[in-house]
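For the protein sequence lines, the chains are L and Y, in the order given. Under our numbering, think of the first position of the first sequence as 1, with each following residue one higher. Under our numbering, think of the first position of the second sequence as 1, with each following residue one higher.
Bear in mind the hints are in silico, worked out from the structure with no lab data behind them. No experiment lies behind these values; they were computed from the predicted model shown. Glycine included, each C-beta is placed from N, C-alpha and C at the ideal position. Check each hint, because a few of them may be wrong.
Result set (DSBU-like, lysine-lysine): computed pairs, CA atoms no more than 35 Å apart in a straight line [stated by the list, open to error]:
id: 1; chain 1: Y; residue 1: K280; chain 2: Y; residue 2: K56
id: 2; chain 1: Y; residue 1: K34; chain 2: L; residue 2: K421
id: 3; chain 1: L; residue 1: K163; chain 2: L; residue 2: K256
id: 4; chain 1: L; residue 1: K24; chain 2: L; residue 2: K46
id: 5; chain 1: L; residue 1: K403; chain 2: Y; residue 2: K34
id: 6; chain 1: L; residue 1: K348; chain 2: Y; residue 2: K34
id: 7; chain 1: Y; residue 1: K262; chain 2: L; residue 2: K163
id: 8; chain 1: L; residue 1: K430; chain 2: L; residue 2: K395
id: 9; chain 1: Y; residue 1: K176; chain 2: Y; residue 2: K56
id: 10; chain 1: Y; residue 1: K34; chain 2: L; residue 2: K395
id: 11; chain 1: Y; residue 1: K34; chain 2: Y; residue 2: K95
id: 12; chain 1: Y; residue 1: K95; chain 2: Y; residue 2: K113
id: 13; chain 1: Y; residue 1: K262; chain 2: Y; residue 2: K176
id: 14; chain 1: Y; residue 1: K56; chain 2: Y; residue 2: K95
id: 15; chain 1: Y; residue 1: K113; chain 2: L; residue 2: K163
id: 16; chain 1: L; residue 1: K250; chain 2: Y; residue 2: K262
Distance windows between CB atoms, simulated [what the hints assert, rightly or not]:
id: 17; chain 1: L; residue 1: S356; chain 2: Y; residue 2: H271; range: 50 to 58 Å
id: 18; chain 1: L; residue 1: D146; chain 2: Y; residue 2: A126; range: 23 to 31 Å
id: 19; chain 1: Y; residue 1: S88; chain 2: L; residue 2: T143; range: 54 to 62 Å
id: 20; chain 1: L; residue 1: R330; chain 2: Y; residue 2: E256; range: 12 to 20 Å
id: 21; chain 1: Y; residue 1: E112; chain 2: L; residue 2: G279; range: 29 to 37 Å
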Amino acid sequence: MADAKYKHGSLLIKGGHVIDPAAKINAPMDVLLRDGRVAEVALPNKVRGGADEKFDARGLIVAPGFIDLHVHLREPGQSYKETIATGTAAAAAGGFTLVCTMPNTTPVVDTAEWVAWLRHPERGALVNVFPIAAATSSSRGATLTDFAALQRAGAVAVTDDGKPILDDEIMRAALRLGAELNLPVVQHAEDTRLTEHCSMHEGPTSFRLGLRGMSAAAEANIVDRDVTLAQQIRESRLHVAHLSTSDALKAVRRGKRAKARVTCEVTPHHFTLLDQDVGEYNTNFKMNPPLRSATDREAILVALADGTVDAIATDHAPHAAHEKEVEFERAAFGITGLETALALAITKLHREHKISLARIVELFTAGPARVFDLRSRGSLARGNFADVTIFDPKKRWTFEAAKSRSLSHNTPFDGWQFTGKVVATIVGGKIVYRPD
Amino acid sequence: MHAWPRSAGVSGSVLPALRWPRMMHRLHPYAMNKPARGSLLGIEHLEDKEILGLLKLARRMNPLKARPLLRNKRVVLLFYEASTRTRSSFEIAAKSLGATTVLVQSSGSSIEKGESLLDTAYTLRAVGADAIVMRHPSAGASYLMARHLDIPVINAGDGMHEHPSQALLDAFTILKHKKSLKGLQVAIIGDIYHSRVARSACHLLSRFGAKVTLCGPPELVPEFATTLAPGLRITRHIEEALRGTDVIMLLRVQQERLAGRKIQLRDYMAHYQMNTSRLKLAKRDAIVMHPGPIIRGLELTSEVVDCPQSVIVDEVRNGVPTRMAILLRALGKARQ
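Bound-form chain Y, shown alone (with noise of 0.2 Å):
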């Protein structure tokens, strides 16, 4: 490791103590490696212990109160696509815990230009990100960099693939208002073909032993979902997936996703908009999930947005401890 050159004349009161890159070893353009440690790609290959030790570790972190562990560490927010939760809740994640943030969007930078993902991430690299966290249109996008990259890559979302802060958020937050996962009953109603957050918290949930009932129509829950992971199962009637529920996931119609699937958001609403007197069925401590943005009036009225029962609000507040617990786990001295 290289320290700054105190000749230089280099004022530690003026700028802030960066420790210099380190030297970067560069890896043949196209070859493939294994993901650094501290990555997170997905919940799919993660080991349960790191799923509980990640859980573990949201519940010590708070915002508030918290100490700089990450202190002249440099994470770069690579965002491909439009987010307000995830951005700025991983921002301020970074930032509590003392590290410096970059901000960098696809438009107003050379990717605009038509700079590929893969050299995207080797300038990121060279101006000394020590992680990336990214979000990107396309599926698989934070395992491509991850392969090439020998610094920490975290998911915040590729394509429909997965979004496993949000799994974790989510856990988190079941947690805080349920004993435990294993036997709980979750139903995940609505637009689940075109959901990274249904296919993370599917691989969550089914591992962790809560029965995931999945519902909506064959358009947005096609029949080899339930392939996905253990224990799954789909029911296309919003009744029977609320009867005795203890957690209740809504998601958005991703209607910038459709891409020719024909869905009739009249149908939608008349089959599987939740409201209070369907939100009767489940159980009476039945909490109401739903991972943001929603549409008020379309997948839910605002009624349930704003019921007693709804912890809507809660899962973005908990986003930050949990993305703080990510970013230490792929960037602190206590690495996991």
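Only chain L is shown next, with the shape it has when bound in the complex (with noise of 0.2 Å):
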């Protein structure tokens, strides 16, 4: 990301409407980035200063870079799938200037290497990677990794995602030892042992197709007990990804009334779908976990509205087309994310059920920054990163999954027509992604 020209030069953003829900900004700016830092942020023509590039930002919303909680990058192993460089192109076009990865690669990242190798810059990175390690040795559930080397080595959190921690005890030692360090132990909240041979949510549209469902109670057991134990140690930091079932917000809630460290994120495409949308067995609307019942969603809308979520992730999960065009049952669970996410937010949250742009703002950027105490990102306050995104919310596009940037197009959204689209994603002073 460290053009030398940019690390040296300046950018002015003219014209457009800052919304920064961490400094309270949502007004008529225009933001002046120097040197790859935040220079200015003042009223319209009232920036001291020249700059070298002008970018007039009329009509657009200017908004501090966006951050994705969870995603899957696939390497090292997998780049058949996905490769840095190109889930960050993804990630550009969708707005994030800073991706989070998740450890379930092949070999699981669990060690300080493989956490410097996926910073280094040969992987060819567009926007900032930060690494979420293994919490414990190969994800196995059982022998907690080294926290702090992993730490020390650039991961922002750890986690066992694709498969939950479930044994009481390894989960009680991981959030005791993230409890020191301050480092947030991310849970896949899944109570395996009841989903064995499941494809989707348990329900009508699941016996419908006659397939073995997940119940919602396999998540909300696992945040229940998580949340406990959160509450039991002192300083603890839990954070449960792609939540999605209602009873799982309920124990989230009890968390943060007792004052718990605790956050959750939603995905896209939780807040948009529902399991029956699976029709006859479309695979690419099959993922962990699931899509859930109207209820659910409901309430996901609900907390995305009223605060208890704090972030919008997309569990960008690319998957090669032989391992999806299979018999449901045997499909891999994902989908991609990263290019719809913004559209999604603005099609369904701000125009259908009338959700703020700044609180849609602040789930893609003060909440995630938050979460994983992100320092100098997620807000455009002066000295900042400069990572900036600027969109068009009343854009109207239709997706096409075959023009997508990642590798794999296993997106439920082919062919949706969305309002609200990414002018431009900015990373560290350069303008890494412009639309065609």
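With the hints in hand, could you dock these two chains into one complex?
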């Protein structure tokens, strides 16, 4: 990202409407970026000093760079699905300037060496890549990894994503060690003892299709236990990944009321789609956690609006065509999501459910920055990293999976018409994405 | 269409006069298209008139006096799961109509070597299949195949999803004994959760106005089973299900599919086994059905299997004309 020209250059974003929830700004402002940092945010035409380049942002929203707490970029080891280069290109196209990568690769990212490898410039990342490391060795759920070494190497959190940490003692130990290091433990909440052979949400649709269903309780039970543990262990930080059920939200609310450091994220597909959208076995609607019932989606929409949810995260999970064009029960779990997240948030949350743009921007910026304690990010405060996302909240467009920058095209949103599109993504003061 | 090159010296008297396979329109490997006309993937999305047409056609079919309406047609029977009734009756149905059949099973084929379902489908299409009859352990497998092929796909049972030919032959059997499905009291008893037969039967019977009662323990008959089709109800008591019923459909407890669901067979038999004293609760002219395979002494007693009200063997017999109708609809000139 550290392009020499922009490390020592400046860019003035003029005429836009700045929404920066962390700084409580929601007004027409000009933004000056200089030498990779935010130099100034001022009223229109009040920026002092010149700029090498100007960006005309009239009619556009200028926001802090979006942060995605949950992506699978598949490297190391699964570069036929996605690479850091292609995945971050998709991220840039979706307005994300920072993505947190999940460790369930081949091999699992459970050592400081692999964390450093992920962050190496040779990976060709277009946006910031902040690794999340495995919480247990090979994510087998048995022995904890060296949290301190992983953190020193640059890991922002630990998780066994894709698998839950089921054992109470291991989870307690992970939260305890995390508390000492101020490192969040991210949990993929699924009681796998209850979800064996399951491929979607348990309910009328799974019964109709003859598919074994994952009960909502399989998620809620684990969240409930984790919140209880987080309440017991002082200073521990629990982050619930891709929360999808109404009962799990109740547990998170309980933790937050008790002032435990419990946070959660929700994916765009869970606030948009329902289990019945699986239709006749469309594997692009198969992911874990699965699409849930209307009641669950309703609860998620309320929680997005009222502040219970801390972040929108995509759970971008690319898979090759041959892993999806198979029997539904055999198909891989997961869908891509980086390029459709903002469009879904604006189309569904803002236009349909009347959630303010400021709240949406918060869910993409200040919210996730708080969850992982990402310093100097998620806000356009002076001196912060010059990561900016500029979008047109009124632009209508059609998403075409075939034109995706991701290496994989497993999305349920192919051909969807959206309102709201990213116009420019700026990382470290450099424009890394502009639409063709 | 291409004819056999006569000059090539292929003697029609030695080899059956097979039609040269239609040039296959090479679909994009992952293209989605509509299932080919004549496909039968499930009862749920079949129109009323198609169901009635199939039943009418089945009544006209006589395996002993069949006309070779499907001569030169190649039907592949692709079986990824064990089957006695369905496989043999599809094969006899196809042969009665003059079609050639090829049986491909998961053991002893490239499926064992890890060939994917779609690659198997393309292979069978390339060797000249005109239709594929498939049984598969995964729900929705026939949908996947039908979306990628330009020939009819007939679902002979996909996982826990549907078994449409069984529902049709059951309707055919019921209509031999009862005037109409409308208003008929039907009790479906046993392992409904794992049963593709039950799902297909519920769709068909509910559509034509039968009153269907599902009966079994919660592990095998979940509450949301009633959402499958309009007018379904659930009872946990076999006596309640049987009282005044016209048709009793029994289902095998599919122990091979239980996957963690714990059920005590002794308790199951105490509460839900069909025996002669329970049979007396039903209407005097009630018929007893079972899609097979039956396990005597488990879901029903031997006395019930062999009682005069039992039409279990009749169902198997009716499978042949029903499947002849299905194949004729898929491949015959008089497609509906």
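Right, here's what the structure says about each hint:
1. Restraint check for Y:K280 and Y:K56: the C-alpha separation of about 33 Å stays at or below 35 Å, so the hint holds.
2. Of the supplied pair hints, the one linking Y:K34 and L:K421 holds, its CA atoms being roughly 33 Å apart against a limit of 35 Å.
3. Taking the CA atoms of L:K163 and L:K256, the gap is about 24 Å. The hint holds against a cut of 35 Å.
4. The hinted pair formed by L:K24 and L:K46 meets the criterion: a straight-line CA distance of about 19 Å does not exceed 35 Å.
5. Taking the CA atoms of L:K403 and Y:K34, the gap is near 24 Å; set against the 35 Å cutoff, the hint holds.
6. Distance check on the hinted pair: L:K348 and Y:K34 sit about 30 Å apart at the alpha-carbon level, within 35 Å; holds.
7. At most 35 Å may separate the alpha-carbon atoms for a hinted pair to count; Y:K262 and L:K163 meet this at roughly 25 Å.
8. The hinted pair formed by L:K430 and L:K395 meets the criterion: a straight-line CA distance of about 23 Å does not exceed 35 Å.
9. Between the alpha carbons of Y:K176 and Y:K56 the distance comes to roughly 12 Å, so the proposed pair stays at or under 35 Å and holds.
10. The suggested pairing of Y:K34 with L:K395 holds, with an alpha-carbon distance near 33 Å, which does not exceed 35 Å.
11. Under the criterion of a C-alpha separation no larger than 35 Å, the hint pairing Y:K34 with Y:K95 is consistent with the structure, at around 28 Å.
12. For the given pair, Y:K95 sits about 30 Å from Y:K113 by alpha-carbon distance, which is consistent with the 35 Å threshold.
13. Our distance criterion of 35 Å between C-alpha atoms is broken by Y:K262 and Y:K176, whose separation comes to about 38 Å.
14. A distance of roughly 20 Å separates the Cα atoms of Y:K56 and Y:K95; the hinted pair therefore holds under the 35 Å criterion.
15. Between Y:K113 and L:K163 the alpha-carbon distance is near 29 Å, which keeps this suggested pair within the 35 Å criterion.
16. Our distance criterion of 35 Å between C-alpha atoms is met by L:K250 and Y:K262, whose separation comes to about 30 Å.
17. Between L:S356 and Y:H271 the beta carbons are some 56 Å apart, a value that agrees with the proposed interval 50 to 58 Å.
18. Our hint of 23 to 31 Å for L:D146 and Y:A126 is violated, since their Cβ atoms are close to 55 Å apart.
19. Evaluation of the 54 to 62 Å hint for Y:S88 and L:T143 yields a pass: the beta carbon distance comes to about 55 Å.
20. A beta carbon spacing of about 18 Å between L:R330 and Y:E256 agrees with the range 12 to 20 Å that was offered as a hint.
21. One distance hint, 29 to 37 Å for the beta-carbon pair Y:E112 and L:G279, holds here, with the actual separation near 31 Å.
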